[in-house]
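So the protein lines, in turn, are chains A and B.
Read left to right, the first sequence gives residues 270 to 492 (my numbering).
Read left to right, the second sequence gives residues 18 to 629 (my numbering).
Derived from the structure by calculation, the hints contain no laboratory data.
Some clues are possibly wrong.
Short derived list, chain B residues pointing at chain A, Cβ under 8 Å [said to hold, decoys possible]:
no., residue
1, 354
2, 356
3, 358
4, 435
5, 444
6, 447
7, 448
8, 452
9, 454
10, 455
11, 456
12, 457
13, 458
14, 459
Since this is a predicted model, take the numbers as computed values, not measurements.
Quick reminder that beta carbons are idealized off the backbone N, C-alpha and C, glycines included.
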Amino acid sequence: MTLRVAIADDSALLRRGLATLLASEGLDVVGEASEAQGLLRLVAEHRPDVAVVDIRMPPSYTVEGIRAAEQIRREHPETGVLLLSQYVETDNAMALLSNGARSLGYLLKERVSDVDEFLDALQRVATGGTAIDPDLVTRMVSRPRAGDRYSQELSSREKDVLALMAQGRTNTGIASALFMGERTVEAHVRSIFLKFGLHPEPEDHRRVLAVLTYLRAGHDHGP
Amino acid sequence: MTLRQFYGVLATTAALVALVLVNVDWSPSAVGDPARTLFLNAQGVLRWSQSSDRVPFSVPELLMFLAVGLAFVAAGVVAWHSRPNRNPGLLLVISGWMWLAAGLRLSSNPLAFTVGVTLTLMYQPPLLQLALSFPGGVLRSRWEKRFVAFFFASWLFIAVAGWAFFDPREQIPGKVSSSQNLFLLWNSAEITDRIGNAARVFQICVGLAVVAVLVARWRSGTPAYRASFLPLWLAVILKTAATIWVSLAVVQLSGTLSSQALLWQYPATAVVPFAVLFGLWRYRFARGTLSEVMVEIGAAPVSDRLIQVLRRSVHDPTLALWRWSAEKEQFLDGDGRPQVLPNGTSGRAAMVLERSGTPFGALVFDETLQDQPELLAALSSATALTLENQHMEQQLREQLIEVRRSRERIVTAGDDRRRQLERDLHDGAQQRLVAVTMALARARRLQDPEDMRFLVEQAGQELNEALAELRELARGVYPPSMRERGLLGSVTALAERSAVPIKVNANLPTRPPPTVELAAYFICAEAVTNAVKHAEATSMTISLTSSAEELAMTITDDGRGGAAFGPDGGLLGLTDRAAALGGVLTVTSPPGKGTRITAVLPFVSDPEEGLP
């Protein structure tokens, strides 16, 4: 099934470049918008599987993309949102993920150049998954923190697993990325849940919670 | 009082005293002669001669007489010496001389006797003039001068008239008088008595008139005037009481009692010079207060309080401090109303306070204060000092506020510049580079070499544009030619890149320090940006001239002018930049006539320059 994609970016150059790239990869670009309102109209009209949205757009060039993403999630939960930005910031990530990580992505713009990875992320977001930029995750996971409750308890292997989990990878994806068996990955994931004190719940939700717990612990400088 | 004047007074007084002493006839008949009784007029002598058991003139009485005269002279000398205006002292001295000269009537010489009786009461007119002109010693109006002249004349006339019909040798019973009166026309006791009565009525009337004038002046006078005149009132009352007492005594009492009564007039009169001196001293007393409150004046922060302190210090509740308004070229009073300096007829006087030749305020006060230049000088310097302090404080405050503002503007401008730079990078070069990565990503996945080449070329173009943008941004951060080629090189480069033709005139024999060069460059760059963006200029000229100490620059364009120091901060930023280096930047931009920016930037900025 062809992914149906809407694109919003105030830079015509990037809009065109992205549309051409996605079209040449066989995706269906349903429309392009240069600002948030245009994007919302586009989404309402075409109900795309996923919207690729620039965070900074007119009029204030700050976080219009995040506001638009929140609105799309409220009004059209079936449409995934992949936010692109020149920078990835923890604040933005927290704002995005605070209402759950379903159908959300947050990537640096240049991730587009790795077409396969980008398409994979698009696919994940479109199907209800998550895609967090590895840069941000690395920064969060490797950052030395004061009063850290968890980092000492997690083994380095568990941290690797958590980092990939944080990016939104599935167990299969993690297993292939870390060259280990899928069962081993599952064991690490369970261990992480246990250490974070997360009770048995639907898998997806727990994965998100694990990531959030970790990010928050780092972000807030402690529990 | 000069030394010469002092010796003059001393010599005259000594001569007078000597003359009196030499002329006194100590023979028993002479000392018992009622006509020679000091300070009696013709009528008085006539009455007195009818009294029995008169005490003859004695050495103690002579000493008292001399003491009173010398007291007048001494008080006069002190007053003359300590006051800038010699009049009060001079009048006291003259009064003393008249008093002493009256002693000549103790002589048996007809001429000396006649002079003595004529001058008997002439010590009074100078005192009256003194009272009317107190404390300044200057008669203010024409009628006052006429009145005093009339007073002198009438007193003289009364004396002469009284003696014109009185021959003591004939009229005094018992032929006890040997005094020969040179004024004698013919001898008549009746006329003498009548003249005496008329003169007394006249003198009482004049006395009452003077008292009325003085009372009126007292009521409208300043506290300083009242304080100084109070001792005189007491002296006048005492003296009047003594005079009445003597007059009554001569008529009513008899023998030794009336003789004693006559002696009372000496201490009563001696009080007068001391009262005058005390009054003058009390008037000067304000200065003592001033020195005490000098500290208070200096510490008085608010004008209102300063005024109160000034008023208290000189005992003048009407004292006012006016401010000079340079814009209106007028003095403004405390309520901001324009005022004209008093011209001397209103009883008010003013002293203008100046700072390096230009007025900044005026003290307005009761004109009697003018008699004390030292007090006024102290007052004005204390006031000027305080105002100067306040002025400096105000100036410092304003400068500090401006420095704070400009510091804030400089920081804000820097922040704005950074924000703009980030925006430019984000929207420009960064976007282009992302676009390049996209193009290359697509190219990698293409099979057709032709399509691939097209995409790679496209990516190459984007890269070139990104490079150009980055170069331009870098140039905005710091002009690259500045380090190697200096200000002229950078400005020439600026002119070459400009959309408007720019003529650069440079005369830079000395290379300015880097901070000055950079500031000058940014001033040029901002001016060029403004001219192109806002003023729609079609040509510009940049002139740069350096001397050993400073760089002078002028930038003109032919645009539409009307540039102003708006809140957007372009021009203000330039001014701040110049000011931060201790320089000055001015903008002339009449609408329709182009813009002219001149700046002078010193090579060495002295942070203390221009501080008060």
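Here is what the structure says about each hint:
With a cut of 8 Å, the hint placing residue 354 of chain B at the interface with chain A is violated, because the nearest CB-to-CB distance is about 54 Å. Annotation: interface hint on residue 356 of chain B violated; nearest CB of chain A at approximately 58 Å, more than 8 Å. Violation of the interface hint for residue 358 of chain B is found here, the shortest Cβ-Cβ separation to chain A being roughly 63 Å, above the 8 Å cut-off. For residue 435 of chain B, the interface hint is violated, since its Cβ never comes within 8 Å of a Cβ in chain A; the closest pair sits about 15 Å apart.
Annotation: residue 444 of chain B was flagged as interfacial toward chain A, and the flag holds, the nearest CB pair being 7 Å apart, inside 8 Å. Below 8 Å, beta-carbon pairs count as interface contacts, and residue 447 of chain B has one with chain A at about 5 Å; its hint therefore holds. Proximity of residue 448 of chain B to chain A holds as hinted, the smallest CB-CB distance being about 5 Å (cut-off 8 Å). Against a cut-off of 8 Å between C-beta atoms, the interface hint on residue 452 of chain B holds, since the closest Cβ of chain A lies about 5 Å away.
Annotation: residue 454 of chain B was flagged as interfacial toward chain A, and the flag holds, the nearest CB pair being 4 Å apart, inside 8 Å. For residue 455 of chain B, the shortest C-beta to C-beta distance to chain A is roughly 4 Å, which falls under 8 Å, so the interface hint holds. Proximity of residue 456 of chain B to chain A holds as hinted, the smallest CB-CB distance being about 7 Å (cut-off 8 Å). The beta carbon of residue 457 of chain B comes within 7 Å of a beta carbon in chain A, closer than 8 Å, and the hint placing it at the interface holds.
For the restraint placing residue 458 of chain B at the interface with chain A, the shortest Cβ-Cβ distance is roughly 4 Å, inside the 8 Å limit, so the hint holds. Taking 8 Å as the C-beta cut-off, the interface hint given for residue 459 of chain B holds, the closest approach to chain A being about 5 Å.
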